[in-house]
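There are 4 protein chains.
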Amino acid sequence: MPGNNFGVLFVVTAFGESHGPALGCIIDGCPSGIPLSIEDIRRELQRRRPGGGGAATSRAEADEPELLSGVFEGRTLGTPIAIIVRNTNQRSADYDGLKDIYRPGHADWTWEAKYGIRDHRGGGRSSGRETVSRVAAGAVAKQFLAGYGVTIRAWTSAIGGVQVIGSEDPAFSLDEAESNPLRVPHQESAEKIMSFIDKLRSQGDSVGGVVSCSVIGLPAGLGEPVFGKLDAQIASAMLSLGAAKGVEFGAGFEAARGTGSNQNDCPVPTDKPRLSSTVPSLRYQTNNAGGMLGGISTGMPLEFKVAFKPVPSISKPQQTTDRYGAFREVRIQGRHDVCIVPRAVPVVEAMTALVLADLLLLRRCDSM
Amino acid sequence: MPGNNFGVLFVVTAFGESHGPALGCIIDGCPSGIPLSIEDIRRELQRRRPGGGGAATSRAEADEPELLSGVFEGRTLGTPIAIIVRNTNQRSADYDGLKDIYRPGHADWTWEAKYGIRDHRGGGRSSGRETVSRVAAGAVAKQFLAGYGVTIRAWTSAIGGVQVIGSEDPAFSLDEAESNPLRVPHQESAEKIMSFIDKLRSQGDSVGGVVSCSVIGLPAGLGEPVFGKLDAQIASAMLSLGAAKGVEFGAGFEAARGTGSNQNDCPVPTDKPRLSSTVPSLRYQTNNAGGMLGGISTGMPLEFKVAFKPVPSISKPQQTTDRYGAFREVRIQGRHDVCIVPRAVPVVEAMTALVLADLLLLRRCDSM
Amino acid sequence: MPGNNFGVLFVVTAFGESHGPALGCIIDGCPSGIPLSIEDIRRELQRRRPGGGGAATSRAEADEPELLSGVFEGRTLGTPIAIIVRNTNQRSADYDGLKDIYRPGHADWTWEAKYGIRDHRGGGRSSGRETVSRVAAGAVAKQFLAGYGVTIRAWTSAIGGVQVIGSEDPAFSLDEAESNPLRVPHQESAEKIMSFIDKLRSQGDSVGGVVSCSVIGLPAGLGEPVFGKLDAQIASAMLSLGAAKGVEFGAGFEAARGTGSNQNDCPVPTDKPRLSSTVPSLRYQTNNAGGMLGGISTGMPLEFKVAFKPVPSISKPQQTTDRYGAFREVRIQGRHDVCIVPRAVPVVEAMTALVLADLLLLRRCDSM
Amino acid sequence: MPGNNFGVLFVVTAFGESHGPALGCIIDGCPSGIPLSIEDIRRELQRRRPGGGGAATSRAEADEPELLSGVFEGRTLGTPIAIIVRNTNQRSADYDGLKDIYRPGHADWTWEAKYGIRDHRGGGRSSGRETVSRVAAGAVAKQFLAGYGVTIRAWTSAIGGVQVIGSEDPAFSLDEAESNPLRVPHQESAEKIMSFIDKLRSQGDSVGGVVSCSVIGLPAGLGEPVFGKLDAQIASAMLSLGAAKGVEFGAGFEAARGTGSNQNDCPVPTDKPRLSSTVPSLRYQTNNAGGMLGGISTGMPLEFKVAFKPVPSISKPQQTTDRYGAFREVRIQGRHDVCIVPRAVPVVEAMTALVLADLLLLRRCDSM
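Residue numbers (the numbering used here), protein chains in the order written: chain A, 6 to 373; chain B, 6 to 373; chain C, 6 to 373; chain D, 6 to 373.
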């Protein structure tokens, strides 16, 4: 409840500092009987690790997960699932010079303003490394969702001002996304962005970008109005990510510029069986709403985008202030990403999986 | 927890259907000793009512609140504060023809898909009328925030494609915003938008827009990483609003197009007293982050924008489907807003107040 | 969360001071489709009202409930159910003399120590009158439980030192319990207790007692180990009642005096169908455990007892202290029960219903 | 929320099966700045280990805790504190013969009825071994409480029918309790009980008992009426323990036999400074209520007792049923306590510490 706890029924509690002994999580409320192996978790953690494309940090953590409870003979028990990942490649000394300095764009000072104390090494718990716990938990949620036929796919849809060409182009391919280090689902866009990133690296600068996410196979009826709507929960999950600065669903900010007559999604009969004697099945002609109406899933694809600001650690000189209240110039050395957007992709998927797992369980309690 | 409950320590539980006997809320966890009168609540409810500008619905509810508990001799008791608002001007018969029809862009079908049943009159609980409860609760939160010197101001910053001229223009005035029915803080922009809305009304159409919000006086240290970050909670609060489709903080989606060197907010010494022997006071040279770093408030203004889609109820003919799975053409009659954005302004403020009241209480537990 | 909120999925939020405008509750998470009328709530509230037996207070409240939301055409909507009960028969002036006095055995001072302020009239929110909200909510829970075939029966099993003769006696009859004002299921015991109470009344004294409760029809599998066990939740529910001082399950404190060989409940085969291919049905030869093992229901009757201390309001003179820190003698005048145990019976049932409704919903999420 | 999570602000999430790789917990919400070392945790875990007195199991676990996060340079960071304890001395083979048998008095079948699956080795998560997580978390809570001057002391007050001589006897000494394996604070009683236990061991039987607990130094004002009262929360914490069958506060069940005139605790002036200009300090002449009134602490010692049933694992032959629904005779072999009451003492203290830490934090939010 005080901040490291996510979900109502499928609940993740996360822990860990960047340079402490380990990170990890407990998943409580995962139903019994779900197939789960350490390999399912390892696979997702590998996707989160720095890629070979050079966009990312060179801190080379093994990120080897250990499963401490909740699984017996390959199936979940219904008891809490604890997962830990040891930190093995910390170079704490890299941070000695930053102990008394508040890095621009980082949360160094706000954590001290809040807690009066912080583990300065690698940003402590404000480090992007905390997403290890999210991805591990998300891997469990994905196993649960697999049983419902739900598939989550995220990708890089923009980096800096460069927009990735979208699904309207035949060369767009989500399968492609996972095979290039930028997670850009369009070869030509990927190449263009890669040279843009190379230029920024040589300048000691960094860049932001956008992750798009699409979920298919979701049944209608997910979401808990009025405060726990599907979009409210996804928004919360996304803005809880380190560098996230915005989220939009379906047409998003573009919808604010539209009219009712061009934005409304109109129901269309389907030949699927009725939901009940009083409720028909239907689908929507368009999906401007991004898969929900009134905060409840429609059965259409859930679609949203998340904006990430640039990595604040840059080697260009910056003005800042130190613990003693004095001006300082700082150049951030060490191993940092030029752009974390590609690595945010599996994290966006993980958080989405956690929201959906929770809502699928809550859905079981909707009616008598 | 199942959806009508918001907050951890300053907790609102809301209830009410559009055409049921009443709407309202219970606020639990409001500290004792806060001055609170029925007038404080009435004032905010009045701001939410349809304005005279013609942008809004003509359902003329008195929206007279009644305070049932939690206040004694003008001060809060620390016990739950219950507030109800009777529905008095329902015209349920307006909805008889819509009983078996799923309106485009509305949540009619998704509620039935979820619950198997709905109160079709006026949209039931999916009606914008449910925000009465939010505004009443927000009025209480504002009283609490007043004791901390926190001020929340929201306004209409765009309607349709028309962007309101911003604070860089000398004619921009937040005080102006409350005096015109569109809540546009710029006279010239307001006039332009009003004629745009008139045109849409004559066409039987509706339009979306953007609400901006700014909070000043917020201390540093608010927010509960990693899942309950300040931005995560505001995002959740905003996307829980009926027609909201996106939210962004500070530079928002623009930040995704920037670089570290132009987006980082650099700390600057201040002459305010130190927070403690080990932590100095400081401020930030810029506020691209919109008032938080690492999900914790910086003490700079909290700034964000919320995109609202157009009102789905339009009198233009639309295709849809009925309960029997058949195609139907529908024209929505009755009393509807062309643009709800101006009326969303006090609701955005109310939800912001609720988030901040909760975080201010949680902040009391940060350190020994 | 801060104290007036009960349950995880079937969640009650209660409000109201003894002499404020109204008391009531919101039930959030009640599934849709359950038959519910105002009569279902009124019936339970009537059981809570003072009986004619003279054991109880003579404050004659109508206790007329009003249903403000969540029900449409006789069925629950899945939306929050708000119920209010107006206070109409307050005699606030009765309490004027007690404004600055801390009554012995009451919570007058502890509420002031906590909140710095209190509504002294009738004890404010520490009054037994707050159980109106519990009983109203419990009535809704009972409707839900009826759909599962679960029946809850509580009765007075002791008053003062007088033990009610138990079910081993042929004259014991739970149906009898509801027809006498003491809710004693044994005619002879009832008469004996009634004369005991008459004597205490004439002495201006009061007396405690024990409520027993038995639940039949409960399926196996309810309870959320390790912290939300069935007994833990019932215990919490019972000790949240005003004068409750203890609770015991099955053999209870007697079990602490026993040995494994005489306390263990041994499983016995049944001819009911298997729960699954791997799990048989069974029952237990004895029920010393009171219907649960490891905090999970066994399918045997859930059985527990709750001890209530004497009503603290007595007209005998007592020593106490006032707001100014001075010694005072006090005789509590006004309308008070000699023994609230009979009126606690429907409240015990209501709280039990709330726990079980919540656990039945949580049970839906146990396995894939 | 689904069962392995305890507290609102000082929140423990526990995990671990008896014979899985490890047990442990995450404590979220522990304020920053509290001195905490691995030694503080180890010390409490040692108290929970089997003593030398022979009353207890001979499974000899090292119970060596590892601190994975949340502490930096000897102080808590305000971030989640993760603690794990490896299982190293499992003898899983001991349980092979019990895989398909439901042991009398154990939760074997109820867990299968609930989850359809269980880790049968050592009882899985229904094992008393799960209290390792509670004790580790409680050790952290005790560090927090130490800063408030709160001291918790529990002891064995009865075993079987043998009542320990109480504090009215000059030979009663709580310091003695920790120095004998039965945790009996009275030498003569301890000897008597020890020979009683020896006799039961030779008969292959087990026995129950009572733990008493007393907390001193607690300020007035703790507890969250009406559902989160101090006694309600302690009751919940206690009944969440494996073999607990009852709890009573102060005079407890005896109070139910009393009258108002002999049970009421009367306020007495003190010479301590006033709490505020409007609220005096006071104390109570007696403490029949056990340290709370209206569910809020009075500042008098918090006093309660917990009844534990006998250990269900006995080597005497018992009738039971197997997975195939057939009658079976079973004699439980392996390493089992004759009486777990002495080992429950530190667990009772740990759970008490968790409740009080949570309530002390909630208390910070009571008034403006």
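Read the hints as simulated data drawn from the structure, not as lab findings. Be careful, since some hints might not be right.
[To be verified] Once the Cα atoms are required to be at most 30 Å apart in a straight line, the calculated DSS-like pairs of lysine-lysine come out as:
#, chain 1, residue 1, chain 2, residue 2
1, A, K197, A, K277
2, B, K204, B, K321
3, D, K277, D, K204
4, C, K277, D, K104
5, D, K204, C, K104
6, B, K321, A, K104
7, A, K321, A, K104
8, B, K277, B, K104
9, B, K204, A, K277
10, D, K197, D, K277
11, C, K197, C, K321
12, A, K321, A, K204
Predicted model only: the values in this text are computed from it and were never measured.
How the hints compare with the structure:
no.	hint	verdict
1	A:K197 - A:K277	violated (44 Å)
2	B:K204 - B:K321	holds (14 Å)
3	D:K277 - D:K204	violated (52 Å)
4	C:K277 - D:K104	holds (22 Å)
5	D:K204 - C:K104	violated (60 Å)
6	B:K321 - A:K104	violated (63 Å)
7	A:K321 - A:K104	holds (19 Å)
8	B:K277 - B:K104	violated (62 Å)
9	B:K204 - A:K277	violated (41 Å)
10	D:K197 - D:K277	violated (44 Å)
11	C:K197 - C:K321	holds (23 Å)
12	A:K321 - A:K204	holds (14 Å)
Going through the hint list in order, the structure does not satisfy hints 1, 3, 5, 6, 8, 9, 10.
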